[in-house]
Structure formats: structure tokens, C-alpha cells
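All chains, please: the whole structure from these sequences, using the hints.
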Amino acid sequence: MRATTLIVAVALALATTAARAQAQLPAPTTPDDSTAVRPPETLEDLIQRVRVLERKLELKQEEDAARAKAAPAIVVAGDGVAFRAADGSFQLRLRGYVQDDARMYQGVAHPGTSAFLLRRVRPILEATALQRYTLRIMPDFGNGQTVLYDAYVEAAFLPQLGLRFGKFKPPVGLERLQSATNLMFVERALPTALVPNRDLGVQLQGVVGGGLLSYALGVFNGVNDGGMADTDTDNAKEVAARLFAQPFQASESDALRRLGFGVAATRGAVHGTLTSVSLPSYSSPGQLAFFRYRADGKATGTAIASGDHVRLAPQGWYYRGPLSVLGEYVISRQAVALDTASATLRNRAWQVAAAYAVTGEDAGAKGIRPRSVFDPAKGSWGAIELTARVHQLRLDDDAFPRFADPTASARSARAWAAGLNWYLNPNVKLVLDYERTRFAGGAKTGDRAPERALFSRIQFAF
Amino acid sequence: MRRSIVAALAALTAALPPGAAAQQAPKDVVLLNVSYDPTRELYQDYNAAFARYWKAKTGQSVTIRQSHGGSGKQARSVIDGLQADVVTLALAYDVDALAERGRLIPRNWQTRLPDNSAPYTSTIVFLVRKGNPKRIRDWGDLVRPGVSVVTPNPKTSGGARWNYLAAWGYALRKFGGDEGKAQQFVAALFRNVPVLDSGARGATTTFIERGIGDVMINWENEALLAMQEMGKGQYEIVMPSVSILAEPPVTVVDRVANKRGTRPIAEAYLHYLYSEEGQTIAASHFYRPRMASVAAKFASRFPRIQLFDIREFGGWQVAQKKHFDDGGIFDRLYQPR
Chain A
2 MRATTLIVAV ALALATTAAR AQAQLPAPTT PDDSTAVRPP ETLEDLIQRV
52 RVLERKLELK QEEDAARAKA APAIVVAGDG VAFRAADGSF QLRLRGYVQD
102 DARMYQGVAH PGTSAFLLRR VRPILEATAL QRYTLRIMPD FGNGQTVLYD
152 AYVEAAFLPQ LGLRFGKFKP PVGLERLQSA TNLMFVERAL PTALVPNRDL
202 GVQLQGVVGG GLLSYALGVF NGVNDGGMAD TDTDNAKEVA ARLFAQPFQA
252 SESDALRRLG FGVAATRGAV HGTLTSVSLP SYSSPGQLAF FRYRADGKAT
302 GTAIASGDHV RLAPQGWYYR GPLSVLGEYV ISRQAVALDT ASATLRNRAW
352 QVAAAYAVTG EDAGAKGIRP RSVFDPAKGS WGAIELTARV HQLRLDDDAF
402 PRFADPTASA RSARAWAAGL NWYLNPNVKL VLDYERTRFA GGAKTGDRAP
452 ERALFSRIQF AF
Chain B
3 MRRSIVAALA ALTAALPPGA AAQQAPKDVV LLNVSYDPTR ELYQDYNAAF
53 ARYWKAKTGQ SVTIRQSHGG SGKQARSVID GLQADVVTLA LAYDVDALAE
103 RGRLIPRNWQ TRLPDNSAPY TSTIVFLVRK GNPKRIRDWG DLVRPGVSVV
153 TPNPKTSGGA RWNYLAAWGY ALRKFGGDEG KAQQFVAALF RNVPVLDSGA
203 RGATTTFIER GIGDVMINWE NEALLAMQEM GKGQYEIVMP SVSILAEPPV
253 TVVDRVANKR GTRPIAEAYL HYLYSEEGQT IAASHFYRPR MASVAAKFAS
303 RFPRIQLFDI REFGGWQVAQ KKHFDDGGIF DRLYQPR
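The listed protein sequences correspond, in order, to chains A and B.
My numbering numbers the first residue of the first sequence as 2 and each following residue consecutively.
My numbering numbers the first residue of the second sequence as 3 and each following residue consecutively.
Simulated from the structure, these hints should not be mistaken for laboratory data.
Each statement offered as a hint is correct.
Part of the chain B face toward chain A, derived, beta carbon under 8 Å:
(1) 196
(2) 197
(3) 212
A quick note: this is a predicted structure, and the numbers were derived from the prediction, not measured.
Each residue gets a CB set at the ideal place from its N, CA and C atoms; glycine is no exception.
Okay, structure coming up:
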């Protein structure tokens with residue numbers, strides 16, 4: 002109404018001015034032979050002018066609305082920023098997370114260095130074309146290094162059939178497959194040391210039965226236990242497969258609905274050389290190596306991978322209300338040689354971890370989402386989760402002493418941990434863990450000193 | 003259990019009379035006709051008539067879905083993947099785009115049906131307010147000072163391109179083929195256009211609903227429809243001395259119809275437009291019929307005027323490039339106010 006009044010006033014002013022000008026100027030001519038002279042402004046002329054102005058405003062509004070509809074959408078939300086084409090055919094999404102840790106070892110004679118560290122600094126770029134083809138790129142700038150973790154293209158033809166190729170997590174370790182933002186503890190447990198971290202390859206994947214069963218089957222270059230690489234050193238490839246079932250997901254009973262279990266396996270062949278031994282080392286929860294194969298740079302003193310490498314990883318999780326339970330077992334069986342000696346070594350690890358959200362939030366594989374955000378002024382504290390786990394990694398006895406030095410490498414590591422996760426809001430999470438790890442062997446006399454470490458983390462993820 | 007089911011199926015098959023499968027009614031079929039704005043009512047009636055005809059002829063039920071919008075925009079939608087079995091658009095230029103840019107039809111599409119694949123025609127006329135207060139009789143009156151003209155933007159509206167070329171053709175005749183003067187004439191006409199709508203329906207809104215302007219240049223069929231349905235005696239049609247023969251073309255979209263297996267029925271759908279019933283329906287919706295007998299029946303509705311056609315401009319491709327492409331004559335002669 003106010004706009005119309007304004008338009009009328011403007012139109013009247015314009016009309017008055019035009020009428021005055023009209024009286025002073027000769028009438029315009031046209032190429033036609035008409036000799037008509039423009040008549041003076043009448044009330045009808047003024048009404049027409051107002052109508053024209055109103056119509057132009059109307060058309061401008063329609064045009065603006067159409068332009069807004071055709072314009073790309075920018076969506077800013079707690080889980081990132083998305084730029085979306087007007088027709089939805091293309092989307093670019095920017096996400097990321099930073100984990101700022103403090104790792105404090107207890108005990109004066111401990112070999113580790115207590116320090117603050119940027120554990121992970123990972124921007125994530127995801128592009129999706131036609132809701133079907135996705136590109137994901139995720140580098141990591143943590144620990145003072147730049148490493149490309151994910152770079153893959155995924156084509157999702159059907160829920161039951163997708164294809165992924167590039168560099169990504171092979172489908173093996175249960176905790177490894179969880180995002181680093183959703184872990185129960187600051188560091189993953191010991192079974193993760195036996196499964197691949199990232200590898201280059203191609204993978205068929207899908208979900209059948211409406212989520213009843215998920216599968217993945219891939220061919221990869223093959224990497225060491227816990228390792229990742231951007232190149233391959235031999236022509237042999239590694240096959241990885243995983244089946245994971247949630248048989249009760251349609252059940253009305255909450256008791257078993259979120260029970261999932263499955264098994265993963267890899268099979269490949271690796272042949273190392275003196276310059277590239279293709280064997281792993283294993284680290285404690287405090288990220289200190291407690292086992293290394295012998296390697297003095299000479300053929301008589303350096304163990305190398307010498308053939309088959311097979312992993313088997315049964316696994317499962319269970320969620321009910323605020324309770325989370327996760328368990329996995331991994332066997333990594335690898336042929337190893339040193340000079341004229343050879344053996345197939347079976348290294349094993351397992352873990353059982355549990356968490357409970359004391360503030361009552363539902364738990365899931367993607368962590369918990371706090372019901373309230375931390376705001377002391379309003380008396381809300383976010384979500385609090387208590388955590389505990391036990392885990393172990395045991396090396397094959399046959400590794401000692403021929404392939405590993407028993408005075409420098411431990412035969413096993415067994416740890417327990419307890420912690421607290423505090424979700425200030427969906428983006429910010431604080432973690433505090435205490436973890437104690439005991440070793441068997443690994444010292445000149447007796448056992449390597451236990452590792453007692455306090456971990457804390459401030460995580461911002463979007 | 004499985005054996006029981008197989009046995010039951012075998013018994014059922016044996017019980018059927020020989021050739022029963024062959025005698026089953028043909029499968030129902032759905033066609034999509036992508037058309038332009040003013041044909042909505044025409045095709046509602048025509049589709050029902052064709053469905054009756056086809057059912058009686060073949061026993062097959064057919065449902066024809068309609069899509070309407072600006073002619074150029076509709077062509078782009080088909081090129082972008084809209085699964086049109088047939089298109090019935092405002093300009094041959096828009097159908098050409100299906101051949102040139104979409105490669106959905108052959109380039110000679112216009113020769114596949116009679117009369118340049120235009121089963122009905124129309125022309126461009128003037129709609130004025132009751133009593134014709136500005137005494138508008140011909141194109142020359144549209145450039146008089148004080149005459150307010152409503153026509154859409156020829157850059158965005160197929161109908162407006164017909165309007166523009168009709169005015170241009172008049173001016174060429176008036177000024178002895180002098181293109182410079184024709185350009186000045188059309189420029190003067192567009193100086194009298196207070197609002198440039200993007201499409202024909204928008205222009206009708208401007209003129210009829212918003213009460214803007216003294217005269218609207220429009221399709222004859224739209225003007226007659228406005229007289230009948232919206233005007234209620236408030237408007238008059240003025241036939242100019244000369245105008246353009248507008249030939250809205252139709253064609254099967256080969257690639258879609260072949261893929262969907264609808265080509266025979268799509269072709270029959272368009273052929274039936276040339277039948278007596280199809281022509282009568284077109285005429286009753288104010289499109290000029292091609293069939294002489296039907297034209298005679300509706301002669302009083304369509305006054306005879308001198309008509310020229312698009313060939314005078316070298317065809318649509320040439321006209322589009324010369325007048326309406328970016329940097330063309332229209333861009334030079336029209337200054338937005």
C-alpha cells in the first residue's frame with residue numbers, strides 16, 4: 002500500500018514535470034506520415050503512467066523471483082557450506098575438522114615427549130554431480146606435514162551398486178572405517194594397527210535389503226599393516242572384501258535393532274627389498290613404536306616381506322539408547338624372510354570398547370548429537386559421554402628372535418583406557434582419556450616400561 | 003510347492019483358447035505433447051478427440067499429456083531431456099533447434115507433413131479497447147505520439163517475433179522496400195511500448211488485467227479468445243491492412259518416439275490434425291484451418307487480409323540472426339525506458 006502511494010506520488014510529480022516540458026518543446030516526429038500532435042496530459046494519461054510504473058514494478062519483482070529461483074543456492078549449516086546449482090544438478094560442499102591435542106606421558110623416564118600437537122587439520126572438499134557422481138578430496142596438514150588422505154570418485158548407480166576409485170580406506174577395520182571425528186577415544190585401538198589405513202584402488206560397494214546387508218569388494222595396490230601409500234612397489238595386488246549385516250534393523254524391538262556384525266578380509270602378496278622392506282612397525286596408543294622388524298640395511302640383518310599377506314577381521318557393534326559397544330578382532334598373517342630364514346607370522350589384535358552418554362542422547366556409529374548446547378547462563382551443559390576399553394596386540398612368537406630383536410621389540414601390548422567426551426555443541430567436542438599400556442618383552446631385561454598417558458583433545462568439526 | 007505352481011500355470015495356459023494372447027487389447031500408451039502457451043485449450047479438446055478416434059480405430063487407449071510454456075523455453079526443455087513424443091511450437095526456428103542443437107529430429111523435419119508441417123495458421127492483429135478511442139486502423143497508427151502499444155519482448159517471446167516481423171513487413175511495403183526506414187518505423191513503434199513483457203501471456207495481463215495501453219499486438223487466436231472469454235464486449239479486433247502468416251509447426255520428436263516405441267501413434271496424432279475433425283477443432287479455437295471446406299465454414303470468423311510469410315525474411319534462421327540474436331537489429335533499435 003505504501004509502495005503504491007509512493008508510486009502514485011512519483012508518477013504525479015513526473016507527470017507534472019513532463020506536462021510542463023511538453024508545453025515548452027515541439028512534439029516529436031516519427032517516420033510515419035501522421036501529423037498528430039501529442040495532446041496535453043490528462044487524468045487518463047496520469048493513470049496510465051501509474052499503471053505502467055506499477056506493472057514495471059510487478060515485472061521487476063517477477064524477474065527478481067525468477068532470478069532468485071534460477072540462482073545457485075548457498076547453504077551454510079553446521080555440517081559445512083554447500084554451493085548448489087539452481088536445478089540441483091551440481092553441488093560443491095566444503096567441510097573440515099581440526100583436532101588440537103595434548104599428549105602427556107606419565108613417568109620421568111618415559112621415552113615419549115609430552116607435547117601439544119595438531120593431530121589432524123583436514124579440510125574436505127566434496128563435489129556431487131547429478132546426485133550420483135561424487136568427488137572427495139581430503140588432505141591433512143596435521144603434525145607439521147601435508148599428506149593427501151582421500152582423493153576418490155564415487156559413482157552411485159543404485160543403492161545396491163556403487164563404484165569408488167582413487168585413494169580411500171580399504172573396507173577392513175571397523176574402527177578405521179569410522180571417521181576420526183566420531184572416535185570414542187583420542188587414538189584408535191591396537192587392532193587398527195593391523196589393517197590398512199588408506200590405499201589406491203577400485204571398489205564395488207552397495208547396500209542390499211534396505212540396509213540389511215552392506216558389502217564392499219575392492220582391488221588395491223596393497224599396503225603394510227596400518228599403512229598408506231601413493232605408489233606401488235610391485236605388480237601384485239591386494240583384494241579386500243567386507244560383509245556387514247544388520248539383521249534386526251527392521252525390528253520393532255529396540256533391544257537388537259542396532260546390532261551389526263560382519264567380517265572383512267584381505268589377500269595379497271608382498272615382496273619387499275632391502276630398500277623397501279614392505280613390513281610394518283606397530284605403535285602404542287601413545288604413538289610410540291614398540292615393535293619393529295630387524296633392519297640394519299644388510300641382507301643378513303634385514304627382514305623383508307616375502308609373499309602372501311592375509312588379514313581376517315570379524316567385527317561388530319551394538320547401540321542401544323545411550324550405550325555404544327564396539328568390538329573387533331584382527332589377524333594379520335604375513336610371509337617374512339631374513340637372509341635364508343623365512344616364516345609366516347600371525348599377528349593378532351582385539352579390542353572391546355564401550356561408551357555411555359550420561360546425558361541420555363542416542364548413540365550411533367556417527368557418535369552422538371547433543372540435545373543441548375553448552376551455555377552455563379542457561380544451565381545447559383551439552384552432552385557427556387563416559388568411555389572405557391581394553392585392547393591388545395600380540396606378535397607371533399616366531400617373530401623372535403630371528404625377525405625382531407626381543408630386547409627392543411615387545412611381544413605384545415595390552416592396554417586399558419577410560420575417558421570422557423564432552424560435546425559442547427554439534428561442532429565442538431572435548432575429549433579426555435587416560436590410557437595405560439603394558440608390554441611383554443621389548444627391553445634389555447624384562448618388559449618394556451608401561452606407558453601411562455593422558456590425552457586431551459579439542460575438536461572442531463563442520 | 004514350486005511344482006504345484008508350475009502345474010497350475012500349465013493348466014491355465016491350456017485352458018486359454020488358441021490365439022487368446024494375440025487377441026488381447028493393445029497396451030495403453032501415453033504421449034507427451036510439448037507445446038507453447040496459447041494452445042492449451044486447443045489441445046485439451048483435440049487430445050480428447052484423437053483419443054476417441056484412436057480407440058475406435060485400433061482399440062488402444064491413449065492418454066496425451068500436455069506441457070505448455072514459452073515456445074523457445076519449451077524447445078530448450080526438450081533438448082535438455084524432456085521426453086516429448088511430439089512438439090507443437092510457435093516457430094519453426096524453435097523446432098529447428100531440436101535438429102541443430104539437440105539432434106533429436108532430422109533437418110528436413112518440415113517437409114514430412116503437408117503445409118510446412120503447420121496444420122493450422124494464424125496471423126497478427128490488433129486488440130483495442132471498446133470504441134477504439136485512439137482510432138487505430140493500421141500499423142501506421144501504432145507509431146503516432148500518444149498511442150501506447152503492448153507487445154512482448156521479441157528477444158524472449160516467439161509470438162513477439164511474429165509481431166515485430168509483421169510490423170517490419172508492413173513498413174517495407176509502405177517505404178518501398180527501404181530497410182532503413184523500416185528500421186526507423188519499428189524503432190518508433192517500440193518507443194510507444196511502455197512495458198516489454200517477456201511473453202505473450204504476460205502482455206495479455208498487461209493489456210487486459212492491468213488496463214495498460216491502447217492497443218495490443220497479438221496472435222489472432224489469442225485476440226479472439228480474449229474477446230470471447232476475457233473481454234466480454236470491452237475490446238475490439240482491428241485487422242491491419244497487411245500482416246504475416248504465422249505457421250505454428252508440429253513434428254514428431256524422432257529420437258524420443260523411436261526410443262519409447264510411440265512413433266506410429268505419434269505420427270497418427272499429428273496427421274489427425276489435418277483431418278476434418280482436427281481442422282474443425284483448430285478453427286473453433288480461433289486458428290485458421292488449412293482445409294478449404296472447414297475454412298469456408300468458419301469464413302466469417304477469419305476476415306481475408308493480405309498476408310506475407312516468413313520466406314520474405316529469408317526463413318527463420320536468417321530472420322533470427324539478423325533481427326533477434328544478440329547485437330541484431332532489435333538490440334540496436336530498442337532502448338529500454
